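Participant: Residues per chain are reported as follows:
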Amino acid sequence: KQEVTQIPAALSVPEGENLVLNCSFTDSAIYNLQWFRQDPGKGLTSLLLIQSSQREQTSGRLNASLDKSSGRSTLYIAASQPGDSATYLCAVGETSGSRLTFGEGTQLTVNP
Amino acid sequence: DAGITQSPRYKITETGRQVTLMCHQTWSHSYMFWYRQDLGHGLRLIYYSAAADITDKGEVPDGYVVSRSKTENFPLTLESATRSQTSVYFCASSESRGIVGGNQPQHFGDGTRLSIL
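Top to bottom, those sequences are chains Z and V.
When we follow this note's numbering, the leftmost residue of the first sequence carries the number 1, and every step to the right adds one.
When we follow this note's numbering, the leftmost residue of the second sequence carries the number 1001, and every step to the right adds one.
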């Protein structure tokens, strides 16, 4: 059974800092990996999706990497802003269908 | 651009009652999903559907029933609600472009907060 772990569970940084969120998974036979953002009381917003054949994806100040062999992904956020404060979730897609297994998330607070 | 909508947003009911959570998407996505989100467990898949009239169990299907008679709708029914089903429920959808195209991102609704007394 796939297990997804995110470390740290919570992170507080000053505005402007570059930061890295970590995600690890136990079964390297994945189809894709997706990073989401969740604001309080809201649903999830997809940030980046990396197919299993890819090593990284970039969107604006966000960069996600994938190392299947080691079972790891990182989400890099450059020049953090208070508006980046949210919970960030990592989810791994199975080899069949589109099922996702989620980590419990990292709660990020960016202080002005 | 309605996207994916869930109703109701909030619901309070009593144990033993039947309750149905609605999910509607306007993109004609093939895949639809139901998750529950609980502290200490994260998001867990309840049921999913690859197309109309095709559904399959996820990680925690017991006590839930789904149907998908139309591509755009994917209701979730709790046949006899229990307190352990108090949770936030999220519906999601995605398109799949096959092995070559790969899976596309899942898009989520805003959730239904369900309390069972």
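Hints may be right or wrong, so weigh each one.
Below, a sample of chain V positions facing chain Z; criterion: calculated Cβ distance under 7 Å [as the list claims (entries may be wrong)]:
no., residue
1, P1008
2, Y1010
3, W1027
4, G1063
5, V1088
6, G1109
7, D1110
By construction, these hints were calculated from the structure, which means they are not laboratory data.
Predicted model only: the values in this text are computed from it and were never measured.
Don't be surprised by glycine CBs; every beta carbon is placed ideally from N, CA and C.
Participant: Determine which of the earlier numbered hints do not hold for this structure and return their numbers in increasing order.
Facilitator: Violated hints (numbers, rising): 1, 2, 3, 4, 5; every other hint is consistent with the structure.
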